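Per the working numbering, the very first residue in the sequence shown carries number 1; after that it's consecutive.
Careful, some of the hints might be misleading.
Claimed, not checked - Each pair of labels, with its calculated beta carbon distance range: (1) E173 - A305: 33 to 41 Å; (2) D245 - A80: 31 to 39 Å; (3) G63 - Q86: 24 to 32 Å; (4) Q201 - P51: 38 to 46 Å; (5) D258 - A53: 31 to 39 Å; (6) G312 - D258: 16 to 24 Å; (7) Q201 - G98: 35 to 43 Å; (8) D83 - R118: 20 to 28 Å; (9) R302 - N136: 21 to 29 Å; (10) H132 - G290: 34 to 42 Å; (11) A243 - N136: 29 to 37 Å; (12) A133 - G98: 15 to 23 Å; (13) G283 - A152: 20 to 28 Å; (14) P155 - R298: 42 to 50 Å.
Hint data in this document are derived by calculation from the structure and do not stem from the laboratory.
The structure presented is a predicted model; accordingly, all values stated were derived computationally and were not measured.
Beta carbons: idealized from backbone N, C-alpha and C, even for Gly.
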Amino acid sequence: MTSCRQVTRREMLALASALPLGAWIAGRGVAAEPAAALGLGFSLYGMRSLPLADALTVCAEIGYDCVELPVMKDWPADSAGFDKPQRETLKRQLTDRGLRLSALMENLPIFGDEDAHRQNLQRLRLAGDVAHALWNSPGPPIVETILGGKPAQWPEVKGQMARRLEDWSKVAEAAGIVVAIKAHVGGAMHLPGHPAELVKQLNSKWIRAAYDFSHFRLRDVELPASIATLAPLSVFVHVKDAAGDASKVRFLLPGEGDIDYVALIRGLVQSGYRGDVVVEVSGQIHGKAGYDPKQAARASYRPLALAMKTAGVSRH
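Input sequences plus hints: build the corresponding full structure.
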């Protein structure tokens with residue numbers, strides 16, 4: 001089943017690349033291009049309490065197309081300890097359940113001394129090893145991470161971030177992975193223009209962006225503006241809802257807030273994005289007592305699957 005999906009995705013990408021890109025579609029009156037296809041996934045960041053095999057089964061039974069695998073330190077698939085037999089087992093489980101691996105999740109704060117920088121580079125190499133052992137999607141594996149820092153630091157630290165990302169780019173190229181850097185409402189890189197500026201400055205196909213509108217919603221950035229700025233540079237998309245503002249952050253499951261997912265999906269398609277849209281359950285939610293990962297995955301799937309259907313976007 002997985003191999004069939006891979007072929008379909010390649011065909012869709014080839015067809016989509018030959019089509020002219022439309023302008024931003026704000027609202028619900030215009031259908032997306034017929035050839036547009038996106039994957040709908042769930043990040044296993046929201047299923048830490050479940051064995052990996054059980055988490056995959058849940059995602060497949062709900063109807064997700066793909067999953068994101070956390071490989072951070074002390075997680076079940078920590079890249080430093082996830083050995084060859086475990087990788088082979090997980091790849092077989094992905095295949096058996098008809099799921100693709102959409103990305104690997106890391107958490108690599110880019111600030112710190114030179115030793116911390118070297119450790120980050122080694123974590124990227126390890127993530128690359130795991131990614132290539134498991135990868136069953138077209139294109140090079142994607143490793144997604146936030147970069148840390150504080151919002152007020154951006155003007156002073158963006159130069160340092162760019163210099164260190166140059167080293168990341170060299171490691172990523174050698175490892176054959178694409179690193180997707182994600183803005184965070186509480187991080188130094190917290191507006192759509194920030195990762196866009198770094199990606200453009202580096203001009204490397206190995207360092208791209210990850211797009212997550214929930215963080216920009218908390219910064220009072222409009223959806224169309226955020227997509228126009230960042231989506232064309234993005235290789236990965238997280239979705240979740242949000243309420244409040246930067247001073248009082250509250251993340252929600254998709255559909256529990258006011259984000260217009262039909263407009264979001266149409267905007268992504270019109271920007272040229274053809275990758276996966278992956279649910280991320282915030283630690284604010286999955287860290288609470290009584291959290292049910294299965295229920296969260298089911299509740300998140302419904303509004304997003306409906307939004308894709310309403311937007312006229314097929315699935316891969």
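Taking the hints in turn, this is what the structure says about them:
1. E173 - A305: 33 to 41 Å: Check passed, 36 Å falls within 33 to 41 Å.
2. D245 - A80: 31 to 39 Å: 37 Å, holds
3. G63 - Q86: 24 to 32 Å: With a Cβ separation near 26 Å, G63 and Q86 satisfy 24 to 32 Å, so the hint holds.
4. Q201 - P51: 38 to 46 Å: 42 Å, holds
5. D258 - A53: 31 to 39 Å: 36 Å, holds
6. G312 - D258: 16 to 24 Å: 22 Å Cβ-Cβ, so the 16 to 24 Å window holds.
7. Q201 - G98: 35 to 43 Å: 40 Å, holds
8. D83 - R118: 20 to 28 Å: For D83 and R118 the Cβ distance comes to about 23 Å; the hint holds.
9. R302 - N136: 21 to 29 Å: 26 Å, holds
10. H132 - G290: 34 to 42 Å: 38 Å, holds
11. A243 - N136: 29 to 37 Å: 36 Å, holds
12. A133 - G98: 15 to 23 Å: 19 Å, holds
13. G283 - A152: 20 to 28 Å: This hint holds: roughly 23 Å between Cβ atoms.
14. P155 - R298: 42 to 50 Å: Holds - the Cβ-Cβ distance for P155 and R298, about 43 Å, lies within 42 to 50 Å.
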